[in-house]
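Asker: Once you've looked at the hints, dock chain S against the given chain V.
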Amino acid sequence: MSGATKRRWRDVPLAVAMLGPSLVVLTAFVLYPLGRAVWLGQQRCNVQATKCRSVGWGQYSDVLMSKEFQSAVWVTVKFALITVPVGLALGVGLAVLADKHMRHIGFFRTVFSSTVATSVAVASLMWLFLLQPSVGVLANIGWLNDIFPVIKEPGLLNDKGTALSSVAISSIWANLGFTFIIITAGLQGIPRELQESAFVDGAGGWRRFTNVTLPLLGPTLLFTTVVLTSRAFQAYGEIDLLTNGGPVPQQSTTTVTYLIYGSSSIIKSNEGLKAAVAVLLFVILLGLSALQFRGLGKRVHYGS
Amino acid sequence: MFSQGKYGRGVASIRLVGVSKHFGDVKAVDNVSLDIADREFMILLGPSGCGKSTLLRTIAGLEDPTAGEVFIGDRMVNDVLPKDRDVAMVFQSYALYPHKSVRANIEFPLKVRGIDKTERAEAANQAAEVLGLTPYLDRKPGALSGGQRQRVALARAIVRRPAVFCMDEPLSNLDAKLRAETRAEIVALHHRLEATFVYVTHDQVEAMTMGTRIAVMRDGIIEQVGSPQEVYDRPASVFVAQFIGTPPMNIFPAGALEPGAHLVGGRPEDTTITRDEGVVATVVLVEHLGHEAQVVCAIDDRARAIVRMNPSDDLPRNGDTVRLSVAVEARHRFDSSSGARID
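Chains as they are written, first to last, in our numbering: chain V, 22 to 325; chain S, 23 to 365.
Because the hints were derived from the structure by calculation, they are not lab data. As the structure is a prediction and not an experimental result, all values here were calculated from the model. All residues carry an ideal CB built from backbone N, CA and C; glycine is no exception. There could be a bad hint or two in this list.
As the list claims (entries may be wrong) - Here are the simulated DMTMM-like cross-link-like pairs (lysine to aspartate or glutamate), alpha carbons at most 25 Å apart as the crow flies: (1) S/Lys162 / S/Asp225; (2) S/Lys49 / V/Glu292; (3) V/Lys88 / V/Glu292; (4) S/Lys133 / V/Glu292; (5) V/Lys121 / S/Glu151; (6) S/Lys122 / S/Glu151; (7) S/Lys105 / V/Asp120.
Stated by the list, open to error - Pair by pair, the computed Cβ-Cβ distance ranges are: (8) V/Gly127 / S/Ala206: 46 to 52 Å; (9) V/Leu309 / S/Glu91: 56 to 62 Å; (10) S/His213 / V/Gly226: 33 to 39 Å; (11) V/Ile162 / S/Asp47: 26 to 32 Å.
Claimed, not checked - Here are a few chain S residues that face chain V, going by a calculated C-beta distance under 10 Å: (12) Arg79; (13) Glu91; (14) Val102; (15) Pro104; (16) Tyr119; (17) His121; (18) Val350; (19) Arg353.
Next up, chain S with everything else stripped away, as it sits in the complex:
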């Protein structure tokens, strides 16, 4: 039912060419180029302050880029108002109108566009149906739970069938259980709507489970773009390697595991405690998680490494001196000064 863009122009790709956004001296987004394909679920991932929200707002038209060009479809939209870009935006704070009923909230984008009353009601009913909001249509947002409010925000976004959905950390205000449920719902929504999704998050679990591709951002630039598996298997830098995956990848100092001036990384599941070869380290903490145990080791004053072990194994104790190694085929190598991957 939502396959055709009835009010908008249908599906669309997004292309960013050398986009920068500066606030005074702060370069929030610095010369970013990115292609987002039609119907893609693109995640902008990074720590707070990395520029991911600013980049999303630039796509939606809430920020004017300082430099560069934004294309939606074939159209350069730098000077196009948000309402004419065929985008919908979902905010972390839901941004519902507290004085309007759920129905009036969902109908608002259509009302603004001058859609007549019966058509509006029908579209709102459909959107509410999709998100399970039918029983709450006459309530005010204040009478809803956080999860329900987020669904109203989603319903308000889907009701006018835009080509692009911009979502700014939509799940961050929900508790862990609800977040997992809503995650799955948004993915289902993406399949159903056949629209392009751009989704900002700092949560790597959301990024891994929801996105078709992930753009990892840091300090206003994109460090790596790729499918979740690619980003996990072949991180482009030490930053990406440690940002994606829990616990983060272990980084061994240059020369510790193998000769050379480069850093060596190994995922905790690829790192093993060995008898007589590898890096000498001291066990500082053993954490039991039930299905596994995580052994935290100090290699020297700065570097730490975590080893995932089977709880039934013979676990070391705090203060033990151990040797750590990573199988050669599971090693990641990074330049010691730039942090970039070496292959």
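Looking at chain V on its own, in the form it has when it is part of the complex:
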């Protein structure tokens, strides 16, 4: 054994001692539960989950092929396809509007970012009051009801065609504060001279937006897209409070998370299946984030 190697081995106890605390925390709260979930995913349990037995890893492929899981994935994808682009566009729009040197602009910035301080429960209840078909605010606007009778009968949250979009709107609203703050920070990182230079060179507002603002916002947009996608795939509170995964029997708002955890989920009393779905969701999200960073990351300019 060479001297250098010997010295390295001598450092091992110290290294273990230094890594110990975070290793313990990581193991107890991340690695062990993750491993346990993966293990649970191939078990079948009784209703109280007091007795479980292995039924083989084939349970994962059974879940993957099941109609319920595939429907939930499709609902989740639709939910993400609505919330991410719309949320991003609204966030960028509001941030650009508020990125002006104007009197009292701070008031609008506060308003636009206020939803970060609103819990999912409060936000969902508020939307429930807005959308409620008999006494809700929307239900009391006569002309709107004439154009969209669905508002009163059966109600936006109770119609299989509008339920998912309605939940998506509440989710977009709740996430808007976060998007607004991140994009505003990104905008403030763009040197003012770049905009001024383009302005003197004759670029109008739209051209400055597409040639200067958007490209330099690239890293911020990528980050926000990844976070919003991951949030869309994990959305639970608003679905639980607004639709309970319904309307039944189509289950048109049963997303993957709701399938795992929801109180009206078809697999609510099967711990093994729930674990299997959760592990599959983890794999999907991991793959999706990697795709986003690799696919979009190449087109993002990180400055000099």
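Answerer: Here is chain S on its own, set in the frame of chain V:
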């Protein structure tokens, strides 16, 4: 090749009439009037916060004046957008688009104006040629040195042949050697382009070497306008006298050199150490610069004076008591309360 303003309207004079720019209670520019002739290289010189950049931005159209009128040529441009003023602006930070290639950066002003592709490429090639950027056209600004980036900014400004060039401390981010080189290049560019240049700087060496005229600014007003030599030879105030020239002009207290209530100034090269007449002072520092020595003297608690001497002369030592004088014909006289020149 750049003699005719192909996309713009050609050369233009600038006239500022009573221009003010206030930010809240701060008067950044306060009732400034200035005439800049066609093809002139006008320097706006002053310490930071004197309003020189604000004045330049008002000419370019990036600031709306609070009061007064801005003319470019015969046209009052107060309500004219920057893009229609026929001006180009060069910033201290270069303001290059980091995601675009050097070529795309240079072509951008033409692209915005809807010039077709081949003409754009040709104009960009010419501009790059003038500034020695041809080998770097396909690179991103991030892959260039500071000096090269500043050339790209200059190329982007000249490519559309504007009548007026506004430059806001374009050399301040460069190191000393590069600054001297680029200084000469900008002067050459001015000769070649036959356009009006307005150039903001706090560096009096740039002002002296580059400008056809200098406007010295302080606290939002112009203290003096004149050719570099005029400003040096006949400074209009104590402020100008001490801002232009290194080391700055010595100012002797009223009554010290000659009778009267006015201040007397003398350039360090005109100030001499004499035997038995002049102001009594104490030597506090002798600096050897090789080609000369600078003797720093304290006249009293407040006033200091610097004497430039030949290093081979018999130099005084720290703590020596000396007498200082300025030849009568080399004296500048200033009012002791306003600081204005008395003649």
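Asker: Compare the structure with the hints numbered earlier in the document and write down the numbers of the violated ones, lowest to highest.
Answerer: Structure breaks hints 1, 2, 4, 5, 11, 13, 14, 18, 19.
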